[in-house]
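Quick mapping for you: the protein sequence lines, in order, are chains P and S.
Going by our numbering, 323 is the number at position 323 of the first sequence; the sequence numbering is gapless.
Going by our numbering, 118 is the number at position 118 of the second sequence; the sequence numbering is gapless.
What the hints contain is simulated information worked out from the structure, not anything from laboratory work.
Please read all numbers here as calculations on a predicted model, not as lab measurements.
Careful: at least some of the hints might be erroneous.
Which residues of chain P face chain S? A partial, calculated answer using Cβ under 10 Å [said to hold, decoys possible]: (1) Ala35; (2) Cys117; (3) Cys165; (4) Glu297; (5) Glu315; (6) Arg318; (7) Asp385.
Here a beta-carbon is modelled for each residue, glycine too, at the ideal position from N, C-alpha and C.
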Amino acid sequence: MKMPDPDEAAIARREDLIAALRGILPDSDLITERAALRPYECDGLTAYRQMPMVVALPETTDQVAKILGVCSGLGIKIVPRGAGTSLSGGALPLADGLTLGLGKFNKILDIDYDNRCAVVQSGVTNLAISEAVAEKGFYYAPDPSSQIACTIGGNVAENSGGVHCLKYGLTTNNILGLECVTAEGKIIRLGGKRFESSGYDLMGVLTGSEGLLGVITEVTVKILPKPEVAAALLLGFPTAEAAGDCVASIIGAGIIPAGMEMMDRLAISAAEDFISAGYPTNAEALLIVEIDGPSVEVDFLANRVEKIAKDAGAESIRVSQSEEERLVFWAGRKAAFPAVGRISPDYYCMDGTIPRHALSRVLNSMIEMTHRYGLRVANVFHAGDGNLHPLILYDANVPGDLAKAEEFGAEILKLCVEVGGVLTGEHGVGVEKRDLMSFMFGEDDLKQQQRVKCAFDPDQILNPGKVFPTLHRCSELGRMHISGGKLAFPDLPRF
Amino acid sequence: MYKLQPKSTEEVRKAVINALTDNFTLEIVGGGSKRGYGGPIESDKCLSTSSLSGILEYLPNELVLTARAGTELNLINEVLKENGQELSFEPPDWGPLLDNIAANPTIGGTIAANLSGPRRFTSGAARDHLLGLEMVTGRGEIIRTGGKVVKNVTGYDLCKLLAGSFGTLGVITEISIKVQPAAEKVRTILIKNLTDLDGIKLMSEVLGFSYGINGAAFLPKSVVGKSTVDYLRNIGASALALRIEGFADSVLVRSQELRERLRGFGDIEELHYKNSRVFWKEIADVSFFHSTGNFLWKVLLPPASGAAFVHKLRSQLSFNHFFDWGGGLVWVQMSEDYKGIEASLIRSVAKEFGGQGILVRGSASQQSLASNFEPLDPDLALLSKKIKEAFDPQYILNPGRNLSGTS
Chain P
1 MKMPDPDEAA IARREDLIAA LRGILPDSDL ITERAALRPY ECDGLTAYRQ MPMVVALPET
61 TDQVAKILGV CSGLGIKIVP RGAGTSLSGG ALPLADGLTL GLGKFNKILD IDYDNRCAVV
121 QSGVTNLAIS EAVAEKGFYY APDPSSQIAC TIGGNVAENS GGVHCLKYGL TTNNILGLEC
181 VTAEGKIIRL GGKRFESSGY DLMGVLTGSE GLLGVITEVT VKILPKPEVA AALLLGFPTA
241 EAAGDCVASI IGAGIIPAGM EMMDRLAISA AEDFISAGYP TNAEALLIVE IDGPSVEVDF
301 LANRVEKIAK DAGAESIRVS QSEEERLVFW AGRKAAFPAV GRISPDYYCM DGTIPRHALS
361 RVLNSMIEMT HRYGLRVANV FHAGDGNLHP LILYDANVPG DLAKAEEFGA EILKLCVEVG
421 GVLTGEHGVG VEKRDLMSFM FGEDDLKQQQ RVKCAFDPDQ ILNPGKVFPT LHRCSELGRM
481 HISGGKLAFP DLPRF
Chain S
1 MYKLQPKSTE EVRKAVINAL TDNFTLEIVG GGSKRGYGGP IESDKCLSTS SLSGILEYLP
61 NELVLTARAG TELNLINEVL KENGQELSFE PPDWGPLLDN IAANPTIGGT IAANLSGPRR
121 FTSGAARDHL LGLEMVTGRG EIIRTGGKVV KNVTGYDLCK LLAGSFGTLG VITEISIKVQ
181 PAAEKVRTIL IKNLTDLDGI KLMSEVLGFS YGINGAAFLP KSVVGKSTVD YLRNIGASAL
241 ALRIEGFADS VLVRSQELRE RLRGFGDIEE LHYKNSRVFW KEIADVSFFH STGNFLWKVL
301 LPPASGAAFV HKLRSQLSFN HFFDWGGGLV WVQMSEDYKG IEASLIRSVA KEFGGQGILV
361 RGSASQQSLA SNFEPLDPDL ALLSKKIKEA FDPQYILNPG RNLSGTS
């Protein structure tokens with residue numbers, strides 16, 4: 001992975017930038033010392049590191065607008081950053097760029113139970129929203145595993161999911177409004193507390209745009225009444241195919257569980273050694289199926305799922321009998337990543353999505369790949385929506401191991417696309433999958449996406465080097481190439 | 001008018017290239033059921049997607065269906081029904097509402113207009129179920145975006161821009177959409193004789209509990225009388241309607257619990273399977289206002305403000321109305337002569353409550369006096385214009401359908 005060459009002229013303007021920022025921010029909101037910049041050199045994708053030129057930590061939307069105005073004037077690039085938990089390098093700094101941290105945007109502005117929504121600043125953590133509305137029995141549905149740390153602004157930028165998105169949707173399905181600042185420093189407000197608005201769905205395209213289209217400063221989120229109860233079933237299967245069949249039969253029976261997770265044998269044993277959740281370590285595949293809703297429904301569906309699992313060949317079946325037990329069932333799954341960290345010096349987490357019917361084909365290919373690359377893989381899988389998280393185990397201290405792991409990962413993702421899936425289900429493209437984009441999209445597709453970028457950010461100062469493998473100048477993208485004819489009156493204004 | 005009926009994406013592309021090179025504009029039409037919604041279009045030619053029809057792939061266990069854009073909703077609904085599934089955003093049929101009676105809505109048109117029915121406030125809009133699409137842009141390029149899986153964040157979500165773009169960015173040729181299991185049982189609980197204000201307040205309250213209510217409408221007495229459901233029409237009072245769906249045992253228990261909570265607010269009745277279906281289809285299709293008056297507004301509001309909006313507007317205008325989406329959608333219909341001030345009145349009152357108004361139906365003269373869509377503030381209008389030009393720089397698609405107009 002190679003980032004665009006830093007712009008030496010921009011680096012030479014560092015002092016001008018700092019002087020201009022001092023006119024906008026108090027010293028406490030500006031980081032320029034090398035040692036203090038260090039914590040910002042990477043995000044959750046720690047394999048890539050780069051020191052930013054400067055870090056700004058504004059506290060108001062006005063300050064953000066002014067900073068973007070200054071950067072736009074000076075031609076300085078900007079990398080927006082929430083909590084820095086991205087697993088795809090979305091917040092990887094640029095040597096010639098300013099990192100704009102939104103961590104001080106940490107206020108919950110308005111909780112509106114009558115309209116079932118909350119207005120929060122973008123640096124508020126995902127979990128803090130649910131905690132703030134818990135007293136009245138509400139919560140915010142999307143729950144990425146990093147929810148204790150990740151910010152809602154980052155969730156919007158990445159369109160984050162979580163284990164419950166099969167039933168409750170992704171971030172894009174759970175927000176009503178945004179305030180954001182454009183590359184030119186204009187403050188725009190989209191949506192509100194109403195369900196829909198006139199005009200193009202700019203909020204929709206900003207969601208999941210990975211910090212390339214605007215800096216999100218405020219989010220209006222939907223809040224939902226908490227389900228009355230939840231129960232989890234822990235199902236052990238002799239083969240991954242049997243577990244996959246069980247998932248298909250559950251959905252075929254018209255049941256949409258709140259969550260449906262699968263783990264393979266290596267992940268099961270790593271988690272069990274770490275947490276002692278009572279997982280069946282002799283199973284080749286483990287399913288956790290969570291049902292939530294009114295207790296009558298949960299009881300009824302838990303019975304049905306139990307029967308389906310039996311028919312699908314489950315060798316061990318446990319249904320949580322209490323809230324404590326349900327949490328124990330989940331504890332192993334939630335700790336799966338650190339658990340795998342205990343059995344390997346390093347691991348590389350992938351994020352492809354596949355149509356579920358392709359599961360056994362993909363798993364079998366992965367087994368073949370583990371032999372070819374000589375690296376192990378532990379599989380944790382959002383089974384309901386086909387989102388795979390293969391963890392490739394490697395040792396960064398072994399020369400060439402990281403490169404091998406990356407190549408392995410790329411091959412898995414290409415396979416995901418080949419079977420009709422996609423490169424990333426919830427972690428984002430960032431820098432990690434940037435160079436794989438052409439496996440999923442044609443050149444015209446990518447150019448059209450970049451034209452949208454140009455509409456928002458004509459000078460391409462927001463988070464460049466992420467998502468798109470090739471940078472095109474906006475003037476070039478705007479040109480029409482019509483073969484076999486020429487445009488009549490190309491300069492004529494048309495309305 | 002000369003009508004183009006391309007039979008493949010490649011033919012659509014050729015038609016657009018011809019338009020670009022020979023300098024003519026195109027009206028994009030699916031089934032034509034929503035023709036007129038969004039204002040009149042003055043184009044040189046019409047491009048219909050009606051020959052781009054058929055379901056390409058449907059894997060019930062994957063919860064995904066892929067169809068060509070001109071596929072009629074009727075066909076999709078039928079195929080889904082055979083497999084116990086449905087489109088959970090309840091796409092309506094506005095043909096009769098917009099006097100396009102013989103026309104059948106297509107999946108492409110539904111997405112292009114981002115039209116959703118009563119479940120919108122819990123299950124999301126059409127745009128929330130759209131997974132991927134293929135289109136021909138106004139640049140004459142075939143573009144794919146999204147995919148066929150429910151969880152996907154690869155690249156910008158151009159699907160969202162196309163949903164609700166009313167054919168102004170590209171000609172959608174193929175759509176992949178998320179489908180859901182259909183409910184086994186449905187019950188609608190009616191509470192009679194509440195005022196608007198009490199009705200909306202009660203809706204806000206009960207929607208804060210986990211009964212799983214997925215339809216919440218309030219009909220004033222004058223509108224109740226227009227229902228074709230005898231049971232409802234004969235009530236002779238206003239009706240608050242709350243729908244509960246799902247597995248049979250669960251629906252029975254939940255509706256019983258909801259009735260308990262509502263005890264004391266008014267007389268309670270229930271609509272069962274068939275009546276319930278008919279009633280919510282009437283709500284989705286806005287059937288109560290099909291043939292009455294010529295002036296219809298869709299007002300989108302924070303749900304709890306629905307009644308206050310109506311109350312305030314009532315002091316200045318006379319109109320019929322009803323509420324859907326828990327109060328978040330107010331249909332405002334006027335029968336009397338158009339005076340020219342209604343648009344600005346409706347929009348300014350809506351704005352006070354954080355809402356917006358769309359003129360859905362009106363005479364040509366009415367439509368010329370007011371923009372159909374809520375005007376945008378200048379910064380958003382400029383951004384929207386740039387988006388339009390990123391897809392259709394020569395303004396050849398649906399000229400006159402202006403989504404980036406300023407206030």
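The hints, checked one at a time:
no., hint, verdict
1, Ala35, "35 Å, violated"
2, Cys117, "8 Å, holds"
3, Cys165, "7 Å, holds"
4, Glu297, "4 Å, holds"
5, Glu315, "23 Å, violated"
6, Arg318, "23 Å, violated"
7, Asp385, "4 Å, holds"
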